[in-house]
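Enquirer: This is what each chain is made of:
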Amino acid sequence: MAKKHKWIDLVKDPLNENNPITVQVLGICSALAITVKLMPAIVMALSVMVVLAFSNVIISLMRNYIPNRIRIIIQLLVVAALVILVDQILKAYAYDVSKQLSVFVGLIITNCIVMGRLEAFALGNKPWDSFLDGIGNGAGYGLVLIIVAFFRELLGSGTLFDKQVIPDSFYEMGYVNNAMMLLPAMALITLGIYIWVQRSMYPQLTEKD
Amino acid sequence: MKVIEKFFKKYEHLFLEGGKLEKYHPAYQAMYTFMFTPDETTQRGAHIRDAVDLKRVMFTVVLALIPATLFGMWNVGYQYFNQAGVDFTNWEAFVYGFWKVLPLIIVSYVVGLGIEFYFAILRGHEVNEGYLVTGLLIPLIMPVTIPLWILAISVAFAVVIGKEVFGGTGMNIVNPALTARAFAFFAYPTFMSGNEVWIPKPENADAYSGETILGALNQGKELAYTWWDMFVGTIPGSIGETSVIMILIGAVLLLYTRVASWRIMLSGVLGAALMALLFNMWGANELMRFPWWQHLLVGGLAFGIVFMATDPVTAAQTRVGKWIYGFMIGVFAILIRVFNPAYPEGVMLAILLMNVVAPTIDFYVVQSNIKRRMKRFNKQTA
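Chains Z and H, in that order, give the protein sequences.
First residue of the first sequence: 61, per my numbering; consecutive thereafter.
First residue of the second sequence: 524, per my numbering; consecutive thereafter.
Next comes chain H alone, as it looks inside the complex (with noise of 0.2 Å):
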């Protein structure tokens, strides 16, 4: 650690005010935050001391996030090594997996940081720590083929687009990650859904079926998987999305930690179960004859909802405002998984469009609360 610590003060006059690499500052700032706690303290004015700072918080979803990473890896393998037909231990589908998920984790981090790197020194700003979640995040929610190629466009696209030009971390409107992956699916949607994308290609197959659960309902099949593996997640899908055991360890961490809602959470789950519920009562087609609580296991449903919606910055942030956006999350995805066979999975269009309304509610929340205290405040007065 010492010797860590020794090689960035040797260079650290290089950065600072006068010295030849000053414009860099702001990298060098944050590689070395990132190694040790900041050196500097506030000059004056209140400040309330608090062990939960960004980086903190981040830090926590990653650990949240490791789970279903893990699982999803293991998945990978298992879903291969079951189309290639050959015996396999859980270890060989593990090590499958994490060297076909690393490639992509490693460029979604090299070209979102080196994006955030590029504008925090173009600005002059801190580099903030806002993408070491997103950069996991995209990943796990595209389908493990993805080209590597089509995957870093994508993460571009998110960083510049989805967030910086609104001002980088904290001040995006809709959530980067789900920017990402909206872009892949409408760009380039041969990669993004389908039967052959959840899979890798086994060589020595020539036809092989690793279809979702929603896309096999879809087109009215059968389904070939009972709801213990769909809660378990040894299902096609995205990477991380399958295993809800996995997600709901994730999302134990985050309530535990307070770092997400739970009304979010708790709405989200509620809306989805009841407009299930409501087309398991019509029920014209599969999709919605498909039991209610099998709807909550299946497709980014319990990903999204743990989290994508509970990103604290593209949330609704007031109490009742929570419950109305979770809640129309859920009605949302569960709509348009049933209504529009185009897109079979809707968790993250509804979030990305609950995203948009959410100033929205708030704004309506806020207006309300005033209305109902000056009616109160007149009354005591009167």
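Just chain Z, same shape as in the assembly (with noise of 0.2 Å):
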């Protein structure tokens, strides 16, 4: 338990050999439901990012003092009450952003990366370790959105940040959205690509059966 963690690792494994959506699986929810548009995307990122960082620092600072029995609650406790946070903070100050995100700010409360990192993380480790782990799986969970998130807006809706980026010229000659890109279906379709990807560029990923 008490390994010693190079903090450059802490923060780099989770970005590709140990991505939380794509080799731990979890968050999957979240990242079908906000990649529709790359703005959405990156603000859901940061809030898990933040909520992630804070919630292990603060677990891992009462890690010694949380009876085993009732750690579950005590976990939801510091996460619900961070996810409040960053909501209001966002209505405050990013109102249109919120708006598009709706209930899925509230929802980090139940997705699985925070509680997967408190668990397997913050309850065994130090507060810095902590910091740098929920900001490194919070940054490979960002990262994964963000790509898939980049390919569903361009072909999805052919804007980036909401900025049309294929040329008019284009929608000249014939071509027309992929409505299909808009769907959750084919969020987990390009997900999958990713992940096929992603395993045929570090094949030690590969699960053996």
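Source of the hints: derived by calculation from the structure; they are not laboratory data.
Since we're looking at a predicted model, the values are computed, not measured.
Where hints are given, some of them may not hold.
Claimed, not checked - Derived CB-CB ranges, DEER-like: (1) H/Ala675 to Z/Val257: 15 to 25 Å; (2) H/Tyr866 to Z/Lys159: 27 to 37 Å; (3) H/Asn808 to Z/Gly166: 40 to 50 Å; (4) H/Gly647 to Z/Ile133: 50 to 60 Å.
Positions of the beta carbon are idealized from the N, C-alpha and C atoms, including for glycine.
Dock chain one against chain two, each of which comes alone in its own frame, and use the hints as you go.
Expert: Set out below in structure tokens:
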């Protein structure tokens, strides 16, 4: 448990080899729901990162005082408080995006990544390590979200950050946006392709059967 | 023939182990076995010798599709000239449709086979013949006016996501041809439904209507076609699906050669008829009042049940399972038709849905069989 962690690994590992979405397969639902456009995806990624990092720190500080039998309740309490904080800040300073994210900010509470990292890491590690772990996993989550959202917005709406990037001449030649990219089904398939590409590049990630 | 064989033999060494193009051996082998019977024999083990191999099966299905294809070409021209309001002969109609449909078939084969070859080389296994049928099916279930690039993307999606990710021919869960249509349907709905996509737009006509029968019924319009038109197939629709006669010819061939399962076909028709009959009794709107036997003639029902539902890879494998599988396809097809105004044609969705459920059906059929035998066994020994 008291293994020494190199801080660079704590941040770097979750980006690829131990990515929370594509390798640990956590937090899929929100990844499907809010990757239609790039902007909400980035805001969502930041929110998760903040909640993850700070709840990791708080739980890590309390780790020696939490009775084992009620640890989940305490974790939820901490996470919920942070999520409400983030939600209120979003509503105050980024109302439009907050509207688009709607219920999904609130649902960060139930995001498996948060609970997963608290259980697996923060309960057994020092605050600084836990903070880095939270940042790393938040970034890994965000990376996948942003890549998926990039393709979905580009192919589905022809825009990036709500600015049209596919030139008008394309549309005049008969190009049409792919409406299926806007459906959650396509998010799942895009995610699948992402995992496929990732495992082809890093064969050591492939599960043995 | 000798010339071609010599040509192949001349370059064979390049593709064998140690040759310059060793990586491309699957591509070479595919071309060679397409032209000739392979010259290698099995080294060991017991084998059943039979003339029916994958190639023969696939070719039978392609043959069975030919009548529907030819009729579809003629019908494209027939519908076009009718809308344009000019005199025409049957031959002119066929030639017009031929040049409209041919590019679709070529694009479908080039893109699909290209991807198949690529994956075969990547994985170092043989190129399978599975795409021969899919490549013809895909254009036949598309509207004739579909832009070629949309067709190409749909084919690529179907072959990669519908088939290759699962391991290629024989491993796929859902029918690749229907995957292509579903993709095009959801991604580019304006090109896949409505009343302007089924007939090439005549240049001299500003307004024309080429609504399918189901589309018209959906909006509660009067029908301009008799049941005989629906049976013969002189109605707007996807290229290959309109003519029930031509599909029946294909069905006879498939059943005679036992390539397709008669259980699935029969139970599919029964399921659809029963469901439509129930709706006839209810009769709340145009689609429900549409006579049950005419439900069997319109849309893609006949084509879907004969050529798609019977796909041996994605259908249920057990006998009882086939009955359930086919019956549910018929039921769901009519159910979606009548109840969901957004999808006037439900056959595609019904078959895809049952494709996914088929393994589960088989599982329970096998389980119940085991249970029954256990019971019998216990009784005997007790």
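Enquirer: Does the structure break any of the earlier hints, and which numbers would those be?
Expert: No numbers; nothing is violated.
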